[in-house]
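Number of protein chains: 2
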Amino acid sequence: MTIEVDYRFPPDIDPHKQAKIIAVGQTAGTWDAKWSHREDTLRQHLAEVIEIKTDEGGYHLAKIRFPEINVENDLASLLTMIFGKYSMAGAAKVIGVHLPESYGQRPKFGITGIRKILNVYDRPLIMAIFKPALGLSAADHAVILKQVADAGLDIIKDDEILGDLETAPTLKRLEACRQVLEAIKQQTGRTVLYAVNVTGKADKLIEKARLLVKEGANALLLNVLTYGFSVLEALAADPDINVPIFAHPAFAGAMCASPDTGLSYSVILGRFMAHGGVDAVLYPAHYGNLPFDPQEEKKIRDSLRSRNVFPVPSAGIHPGIVPKAIADYGDDVILNAGTGIMDHPNNPGAGVKAFFEALERVKTGQSFTLDTVPEGALKQALQKWGN
Amino acid sequence: MTIEVDYRFPPDIDPHKQAKIIAVGQTAGTWDAKWSHREDTLRQHLAEVIEIKTDEGGYHLAKIRFPEINVENDLASLLTMIFGKYSMAGAAKVIGVHLPESYGQRPKFGITGIRKILNVYDRPLIMAIFKPALGLSAADHAVILKQVADAGLDIIKDDEILGDLETAPTLKRLEACRQVLEAIKQQTGRTVLYAVNVTGKADKLIEKARLLVKEGANALLLNVLTYGFSVLEALAADPDINVPIFAHPAFAGAMCASPDTGLSYSVILGRFMAHGGVDAVLYPAHYGNLPFDPQEEKKIRDSLRSRNVFPVPSAGIHPGIVPKAIADYGDDVILNAGTGIMDHPNNPGAGVKAFFEALERVKTGQSFTLDTVPEGALKQALQKWGN
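The listed protein sequences derive, respectively, from chains A and B.
Read in order, the letters of the first sequence are residues 1 to 387 in this note's numbering.
Read in order, the letters of the second sequence are residues 388 to 774 in this note's numbering.
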């Protein structure tokens, strides 16, 4: 089995020279006569330049095939090989990574598993984010959760910048929110997932994740790119972490936003996440409030779904975009709204209701123009955020 | 205590608007009247725009002060706060991070500790890299190590892409090399450090690091940026990891090479590493074979030294650059050569001897022009690589 990687170089770069540097310099390197008795083994580790072409804009594309024996079936060693030292060599961007099916991990739950936990099979899932992001007490979180869970919300998550802070320690938030989730379950039979943000130094983070699950957490949130792919992979492989893991894309722009360096968003948030064992991945929706290329977004969605990982378009999501989102995504998607639920003119519960009204109107083919929408949560949302 | 971060925006970006988005959006966010009873707490978490100015090139610089209570005294939560979601917002680069002295960790050994282990106080240290990078057996590593250690080498490390592979498993390499190191110690009293590359999923990596140390490893190498800062911080905080940790910069270019996005090399390889508890940091020397800005390199060196972390300029280092390196760095530096030792025309041992001849000539003020250098290892190196 082999790994193929697509590198893109600006017009002024010699792609033949650079492809050769990558194929040799990122694998065995060169050797001289004194290693001739190891020739066969050394050759097995060399990468191979498969194809070099130039696109209409003058950009060069090189496809390089790496031996799978060079890496450890994980993402960190893969990144080191394909773009470790070479990332510092000048203008080159990794725009495609093709991995064997067996490479890395698959989600423990993913789309089918999360649907089963929630017992919801026939519509997009609705997800909210606790806001304000910092400064609320654990009890405040429970109050918000009750409002949105009563209104029918499927999933809620911590804001990605809310760590284990003195003002609302992670375990206290879980303890306060778990009581709400248990009450909802008893009263309605519904499960609502709360993805608790898990943070800390790698060893403590993993211990904390186990403790959270033991204490009743039914989902986790991880800032995969600031804590490290190796941390995600540890959690995903851990049999004690038997709850869905949600990946937040924080820091993705640092490695993906540049046109000529780094890696494409679709590589990091799509391909890599899909082989990392995570269950759902947040990423910016192209019609949201972060600039994002629709083609890249489509690739992320498709990479994730191809391995049963739930796509979670985020940022600037509000009830008015539901028709567009369903047209773009179909049903196998989690629509994730922060202020689009929490800042509803009425209250967060009404924010959730507005999403469900919107889903119902799409399902029954009804218009979203203001004059046709009856008074209520959706109309208030449309008046505030448009469509 | 506060954290100050310098963001740089291209001329066409409104820095006032963006600075405000960062100060609010990367901290508490906005809130409405229903949280007025939490006003005081929420305000404590907000960041503050301290200064906005425009440089001669039209680039805007914004300095933003973040409350330390928002983060967990570690690098991963810091990255999430200062450049998490915002990294995806468009063109902005983090060019400076100013942390309280007490933030993060200090090295267990660093410059003073590594010198004490080696009992070498009055000259730069010489470091080599096992080459070819992949495809050698554990026994091959021991053969190379004997050659360079006998010649007086201070430190050797695995290539950063050499993981725990079937052809030469990490523990087997250690086992084979430890015998050489022990023999040198017995025969000469000298300690030679071997920084073993530690890899794997975060939990297994930490376990493996502990095992390696228990089995006699006297130094570790970590690809901090592909495995995650949180993994470095776990190793650095672990009392069982009582050996120096060397950080490799693999993948730094993915987050630092772009002019208008990501973070400066000096932030990632300098400031962040200096607060991460690592003992020595490799980075590209500006006169090496990777393109690198001398000013950024100077900042890295100074940030590291300010917290007793050993700077390790690398890539393209060979005996001929020793005069330049000493002029640039003085003595408190580790000169790290891969092919510049391993590919010496004679043999790797001669590569090491060439470095020591070079150090001696600089110390005694002798010329490096070919006709003045006597026959021997240095002359052969100069003939091959110049100066």
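Everything labelled a hint here was simulated from the structure, so no lab data went into it.
Hints are supplied without guarantee of correctness; some may be wrong.
To be verified - Derived DSS-like pairs: lysine-lysine, alpha-carbon spacing no greater than 25 Å straight-line:
#1 A:34 / A:63
#2 A:363 / A:324
#3 B:495 / B:766
#4 B:533 / B:771
#5 B:495 / A:204
#6 A:34 / B:766
#7 A:379 / B:495
#8 A:208 / B:595
#9 B:495 / B:686
#10 A:20 / B:771
#11 B:407 / A:384
#12 A:204 / B:601
#13 A:116 / A:204
#14 B:766 / A:384
The hints, checked one at a time:
With a C-alpha separation of about 31 Å, the suggested pair residue 34 of chain A and residue 63 of chain A falls outside the 25 Å cut-off, and the hint is violated. With a C-alpha separation of about 13 Å, the suggested pairing of residue 363 of chain A with residue 324 of chain A holds against the 25 Å cut-off. The hinted pair formed by residue 495 of chain B and residue 766 of chain B fails the criterion: a straight-line CA distance of about 39 Å is larger than 25 Å. With a C-alpha separation of about 24 Å, the suggested pair residue 533 of chain B and residue 771 of chain B falls inside the 25 Å cut-off, and the hint holds.
At roughly 19 Å between alpha-carbon atoms, residue 495 of chain B and residue 204 of chain A fall within 25 Å of each other, so this suggested pair holds. The suggested pairing of residue 34 of chain A with residue 766 of chain B holds, with an alpha-carbon distance near 21 Å, which does not exceed 25 Å. Distance restraint check for residue 379 of chain A and residue 495 of chain B: the Cα-Cα separation of roughly 61 Å exceeds the 25 Å cut-off, and the hinted pair is therefore not satisfied. With a CA separation close to 20 Å, the supplied pair residue 208 of chain A and residue 595 of chain B stays within the 25 Å bound.
Proximity of residue 495 of chain B to residue 686 of chain B is assessed by CA-CA distance (about 22 Å); at most 25 Å being required, the pair is judged to hold. This hinted pair checks out: residue 20 of chain A and residue 771 of chain B have alpha carbons roughly 22 Å apart, not beyond 25 Å. With a CA separation close to 22 Å, the supplied pair residue 407 of chain B and residue 384 of chain A stays within the 25 Å bound. A distance of roughly 21 Å separates the Cα atoms of residue 204 of chain A and residue 601 of chain B; the hinted pair therefore holds under the 25 Å criterion.
Our distance criterion of 25 Å between C-alpha atoms is broken by residue 116 of chain A and residue 204 of chain A, whose separation comes to about 30 Å. The hinted pair formed by residue 766 of chain B and residue 384 of chain A fails the criterion: a straight-line CA distance of about 77 Å is larger than 25 Å.
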